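*Asks:* These protein sequence lines map, in sequence, to chains A and B.
Residue numbering for the first sequence follows this note's numbering, starting at 1 and increasing by one per position.
Residue numbering for the second sequence follows this note's numbering, starting at 1 and increasing by one per position.
Check each hint, because a few of them may be wrong.
Per label pair, the in silico range of CB-to-CB distance [what the hints assert, rightly or not]:
1) A:Ala231 to B:Ala228: 57 to 63 Å
2) A:Phe154 to B:Ala139: 19 to 25 Å
3) A:Val52 to B:His27: 50 to 56 Å
4) A:Ala33 to B:Pro52: 52 to 58 Å
5) A:Val226 to B:Arg74: 42 to 48 Å
6) B:Arg97 to A:Val238: 46 to 52 Å
7) B:Arg97 to A:Leu14: 24 to 30 Å
8) B:Ala139 to A:Val52: 47 to 53 Å
9) A:Leu14 to B:Asp122: 39 to 45 Å
10) B:Leu178 to A:Arg243: 29 to 35 Å
11) B:Gly54 to A:Val71: 29 to 35 Å
12) B:Asp122 to A:Val71: 32 to 38 Å
Treat the hints as calculated values from the structure; they're not laboratory data.
Quantities reported herein were computed from a predicted structural model and do not represent experimental measurements.
Just so you know, even glycine gets a beta-carbon here, dropped at the ideal spot from N, CA and C.
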Amino acid sequence: MSPAVTWAVTHRVLTQLRRDPRTLVMLLAVPCALLGLLRWMFNSNDAMFNFVGPPLLAMFPFIVMFLVASVTTLRERASGTLERLLSMPMGKLDLVLGYALAFAVVALLQALTAVALTVGLLGLDVAGPVEALALVAVLDAVLGTTLGLFLSAFAQTEFQAVQFMPAVVIPQILLCGLFVPRDALPGVLSGISDVLPLSYAVDAMQRLQESADLSGSLLRDVTVVVAFIVAGVALGAVTLRRRTP
Amino acid sequence: MTRSAIPIRIQHVLNSVAVEVESLRVHRGGHVVLPDLSTTVRRGEVTGLLGPSGCGKTTLLRSITGVQQIHGGRVTVLGEPAGSVSLRRRVAYSTQRASVYGDLSVVENLRFFAAVLRADNDAVTGVLSTVGLGGQADARVDHLSGGQQSRVSLAVALLANPEVLVLDEPTVGLDPVLRRQLWDTFDEQAASGRAIVVSSHVMDEASRCDRLLLMRDGELIAEDSPAALLARTGTPDVESAFLALVDSNASTVCS
Numbered sequence: 001m002s003p004a005v006t007w008a009v010t011h012r013v014l015t016q017l018r019r020d021p022r023t024l025v026m027l028l029a030v031p032c033a034l035l036g037l038l039r040w041m042f043n044s045n046d047a048m049f050n051f052v053g054p055p056l057l058a059m060f061p062f063i064v065m066f067l068v069a070s071v072t073t074l075r076e077r078a079s080g081t082l083e084r085l086l087s088m089p090m091g092k093l094d095l096v097l098g099y100a101l102a103f104a105v106v107a108l109l110q111a112l113t114a115v116a117l118t119v120g121l122l123g124l125d126v127a128g129p130v131e132a133l134a135l136v137a138v139l140d141a142v143l144g145t146t147l148g149l150f151l152s153a154f155a156q157t158e159f160q161a162v163q164f165m166p167a168v169v170i171p172q173i174l175l176c177g178l179f180v181p182r183d184a185l186p187g188v189l190s191g192i193s194d195v196l197p198l199s200y201a202v203d204a205m206q207r208l209q210e211s212a213d214l215s216g217s218l219l220r221d222v223t224v225v226v227a228f229i230v231a232g233v234a235l236g237a238v239t240l241r242r243r244t245p
Numbered sequence: 001m002t003r004s005a006i007p008i009r010i011q012h013v014l015n016s017v018a019v020e021v022e023s024l025r026v027h028r029g030g031h032v033v034l035p036d037l038s039t040t041v042r043r044g045e046v047t048g049l050l051g052p053s054g055c056g057k058t059t060l061l062r063s064i065t066g067v068q069q070i071h072g073g074r075v076t077v078l079g080e081p082a083g084s085v086s087l088r089r090r091v092a093y094s095t096q097r098a099s100v101y102g103d104l105s106v107v108e109n110l111r112f113f114a115a116v117l118r119a120d121n122d123a124v125t126g127v128l129s130t131v132g133l134g135g136q137a138d139a140r141v142d143h144l145s146g147g148q149q150s151r152v153s154l155a156v157a158l159l160a161n162p163e164v165l166v167l168d169e170p171t172v173g174l175d176p177v178l179r180r181q182l183w184d185t186f187d188e189q190a191a192s193g194r195a196i197v198v199s200s201h202v203m204d205e206a207s208r209c210d211r212l213l214l215m216r217d218g219e220l221i222a223e224d225s226p227a228a229l230l231a232r233t234g235t236p237d238v239e240s241a242f243l244a245l246v247d248s249n250a251s252t253v254c255s
């Protein structure tokens with residue numbers, strides 16, 4: 001582990017993102033535009049907007065960051081720079097952590113913009129403190145990032161990486177409790193839902209929407225999300241191979 | 001160019017073995033690329049790895065740098081198994097395709113890799129002038145020509161002053177003046193005790209090497225100095241020598 005090397009990776013990834021203003025604008029604007037669309041859909045139904053708003057506030061940055069992180073690391077793999085870095089004194093954890101930190105900066109901006117818009121302008125009514133809502137939204141976006149970093153190890157091409165979105169992300173969306181409450185799912189599906197990270201992200205958002213006090217259950221949900229983030233970084237590092245076929 | 005301090009030309013340092021390949025066997029994508037290859041690379045020499053495209057040059061170079069999964073035999077570099085942690089600064093590898101970031105400038109690329117290699121800013125300035133890219137330092141890499149991009153990649157390989165420098169076709173697409181300049185650089189690096197392995201499919205670059213490894217279909221068909229090779233085969237150039245060796249091998253098999 002070397003903080004200087006981790007920082008060099010973070011700095012490099014952020015510089016690359018800055019070179020691509022269109023991506024940067026889309027990263028910030030797309031979740032906001034989708035939330036605006038949602039508000040418009042439920043223009044005359046505040047209760048419904050308040051019900052679906054928080055879960056989707058967790059979901060949109062999660063999905064976007066998942067895709068961006070997996071495609072970016074895949075690009076690093078395809079360009080030969082990953083192999084070059086791994087033949088240098090580069091710790092695997094330094095590399096994954098450097099990436100995770102760079103995307104966490106983007107996730108932070110993205111989630112904060114989305115929360116500010118949804119609560120400030122679109123009138124989402126949450127019982128809990130807005131800061132907590134923002135914190136959970138940021139963690140969800142970081143969760144998407146680390147999951148994308150980890151899973152990109154299993155994709156050889158961009159096409160495969162993009163397929164992870166329907167394969168890995170959509171089941172989590174279906175089972176997270178937005179369509180059918182998690183405890184009303186058939187037993188097996190409820191069990192599966194219990195081991196999927198997005199379920200806890202959405203649970204945390206819903207708890208904040210419903211109740212003003214920061215309960216122990218909320219703390220548990222946030223802890224689970226953080227644990228998945230840490231696991232994503234660790235597994236992302238473990239699955240990097242210095243020797244390839 | 002900053003010339004390194006007077007190289008210590010001690011015979012045993014110069015001629016000591018830097019890379020030892022013993023019975024190396026590598027499969028890639030279900031077929032055998034290197035069935036059983038043994039050779040050595042010495043310090044103080046430019047070793048040229050020559051052979052047609054697809055003969056296994058890159059696989060051998062990848063095995064020396066330790067990024068290739070191998071299926072038999074042993075590769076020892078500077079006394080350690082290839083790919084060991086302690087070799088990651090002492091061995092540098094530049095792949096055939098420029099492995100650098102196209103959306104960063106030349107100097108941003110070099111600074112990033114320098115940070116990873118724990119090299120300082122002087123090293124960045126030094127390698128920029130070595131590869132003749134001082135004037136393009138702030139240009140985005142993907143705005144440069146193919147030859148310039150591969151020089152950026154070569155510059156990265158030179159950053160940490162490696163003891164073993166492995167270069168896969170570094171002179172492809174370069175103009176002759178620059179090509180000569182780079183070969184002069186390789187000579188200088190070798191003269192200061194480094195081991196340089198350069199692959200090429202252009203046989204006329206062979207005369208610039210101290211030692212040649214001629215490769216065909218995953219096997220070494222000759223291992224000699226250019227002069228000795230020409231004398232042995234009675235041919236005027238390396239290309240003819242290559243053909244003569246292939247022909248004599250074929251007749252051995254047939255008879």
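*Asks:* State for each hint whether it applies.
*Replies:* Comparing the hints with the structure gives:
{"no.": "1", "hint": "A:Ala231 to B:Ala228: 57 to 63 Å", "verdict": "holds (59 Å)"}
{"no.": "2", "hint": "A:Phe154 to B:Ala139: 19 to 25 Å", "verdict": "violated (36 Å)"}
{"no.": "3", "hint": "A:Val52 to B:His27: 50 to 56 Å", "verdict": "holds (53 Å)"}
{"no.": "4", "hint": "A:Ala33 to B:Pro52: 52 to 58 Å", "verdict": "holds (55 Å)"}
{"no.": "5", "hint": "A:Val226 to B:Arg74: 42 to 48 Å", "verdict": "holds (45 Å)"}
{"no.": "6", "hint": "B:Arg97 to A:Val238: 46 to 52 Å", "verdict": "violated (28 Å)"}
{"no.": "7", "hint": "B:Arg97 to A:Leu14: 24 to 30 Å", "verdict": "holds (25 Å)"}
{"no.": "8", "hint": "B:Ala139 to A:Val52: 47 to 53 Å", "verdict": "holds (49 Å)"}
{"no.": "9", "hint": "A:Leu14 to B:Asp122: 39 to 45 Å", "verdict": "violated (25 Å)"}
{"no.": "10", "hint": "B:Leu178 to A:Arg243: 29 to 35 Å", "verdict": "holds (33 Å)"}
{"no.": "11", "hint": "B:Gly54 to A:Val71: 29 to 35 Å", "verdict": "holds (31 Å)"}
{"no.": "12", "hint": "B:Asp122 to A:Val71: 32 to 38 Å", "verdict": "holds (36 Å)"}
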